[in-house]
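Asker: Protein chains in written order, with the numbering used here: chain A, 447 to 560; chain B, 288 to 400.
Hints were generated in silico from the structure; no laboratory data involved. Among the hints, a few may not be true.
Derived Cβ-Cβ restraints for the label pairs, each shown as a range [claimed, not checked]: (1) B/E302 / A/E529: 43 to 53 Å; (2) B/S297 / A/Q530: 23 to 33 Å; (3) A/E514 / B/T332: 20 to 30 Å; (4) B/A328 / A/F520: 31 to 41 Å; (5) A/R542 / B/D346: 28 to 38 Å; (6) A/R542 / B/N344: 17 to 27 Å; (7) A/R527 / B/L298: 18 to 28 Å; (8) B/S356 / A/T466: 41 to 51 Å; (9) B/P296 / A/E529: 38 to 48 Å.
Short derived list, chain A residues pointing at chain B, Cβ under 8 Å [said to hold, decoys possible]: (10) V450; (11) Q487; (12) E502; (13) L506; (14) Y547; (15) Q549; (16) F551; (17) G552; (18) P553.
Glycine included, every Cβ here is placed at the ideal spot set by N, Cα and C.
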Amino acid sequence: DTGVSQDPRHKITKRGQNVTFRCDPISEHNRLYWYRQTLGQGPEFLTYFQNEAQLEKSRLLSDRFSAERPKGSFSTLEIQRTEQGDSAMYLCASSRSSVTYEQYFGPGTRLTVT
Amino acid sequence: DQQVKQNSPSLSVQEGRISILNCDYTNSMFDYFLWYKKYPAEGPTFLISISSIKDKNEDGRFTVFLNKSAKHLSLHIVPSQPGDSAVYFCAASGRNYGQNFVFGPGTRLSVLP
Chain A
447 DTGVSQDPRH KITKRGQNVT FRCDPISEHN RLYWYRQTLG QGPEFLTYFQ NEAQLEKSRL
507 LSDRFSAERP KGSFSTLEIQ RTEQGDSAMY LCASSRSSVT YEQYFGPGTR LTVT
Chain B
288 DQQVKQNSPS LSVQEGRISI LNCDYTNSMF DYFLWYKKYP AEGPTFLISI SSIKDKNEDG
348 RFTVFLNKSA KHLSLHIVPS QPGDSAVYFC AASGRNYGQN FVFGPGTRLS VLP
């Protein structure tokens, strides 16, 4: 069990650019979640996959955000036309469907939009 | 409108004493509660959970108490150790929330040697 990994760990981009983050969940976990965390706040739910199906999306997930999990393993989160308000830590988590409440988080990708 | 509140941003406790972290929620549809611990530069780590059918759950040095009528839960750490120094998040979910977990803003615990 190597844990949840995220890449890159840090990303600095200019406003208006597109960015893509990758998450590799724990191998036997079929559920994968994306969260966003800003300074002084707890993680905010963005979206969730069961296998390759995206089953739930938060209203926080604007049209500029898209997430995929094409083969039910790793996932990508893309932000198009980034804005300064997108600066945050983006966290990925995974869980087994039989123990859904226990989510294992990755270290996160810190995005800074200048 | 914060549905999960942790009104103490920080807490300092002497090593060996009890740490009590508090969490309040406003949504009566929540029926499952979790505590996560977060060290710097790491993602949150699951610590302990409690279902609304219970009022207490214990795991080693960690005990979570749930008071449904008050919509309040607390995490007790006894005895506190310096390695417990971290940010603690309370999170809640419910049948009508699917996989949507609502996190509080966190409490930074410092255990002083």
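Asker: For every hint, state whether the structure bears it out.
Answerer: Hint check:
1. B/E302 / A/E529: 43 to 53 Å: 45 Å, holds
2. B/S297 / A/Q530: 23 to 33 Å: The hint (23 to 33 Å, Cβ to Cβ) holds, given that B/S297 and A/Q530 are roughly 28 Å apart.
3. A/E514 / B/T332: 20 to 30 Å: 27 Å Cβ-Cβ, so the 20 to 30 Å window holds.
4. B/A328 / A/F520: 31 to 41 Å: Since the Cβ atoms of B/A328 and A/F520 sit about 22 Å apart, the hinted range of 31 to 41 Å is violated.
5. A/R542 / B/D346: 28 to 38 Å: This hint is violated: roughly 19 Å between Cβ atoms.
6. A/R542 / B/N344: 17 to 27 Å: Holds: the Cβ-Cβ distance is about 20 Å, inside 17 to 27 Å.
7. A/R527 / B/L298: 18 to 28 Å: 41 Å, violated
8. B/S356 / A/T466: 41 to 51 Å: Taking Cβ atoms as reference, B/S356 and A/T466 lie about 47 Å apart, which means the hint holds.
9. B/P296 / A/E529: 38 to 48 Å: With a Cβ separation near 27 Å, B/P296 and A/E529 fall outside 38 to 48 Å, so the hint is violated.
10. V450: Interface hint status for A/V450: holds (7 Å vs cutoff 8 Å).
11. Q487: 5 Å, holds
12. E502: Nearest chain B Cβ about 5 Å off; hint holds.
13. L506: With a minimum Cβ separation of about 11 Å from chain B (threshold 8 Å), the hint on A/L506 is violated.
14. Y547: Nearest chain B Cβ about 6 Å off; hint holds.
15. Q549: Holds - the Cβ of A/Q549 comes within 8 Å of chain B, reaching about 7 Å at its closest.
16. F551: Interface hint status for A/F551: holds (3 Å vs cutoff 8 Å).
17. G552: Cβ of A/G552 sits 5 Å from chain B, so the hint holds.
18. P553: Nearest chain B Cβ about 5 Å off; hint holds.
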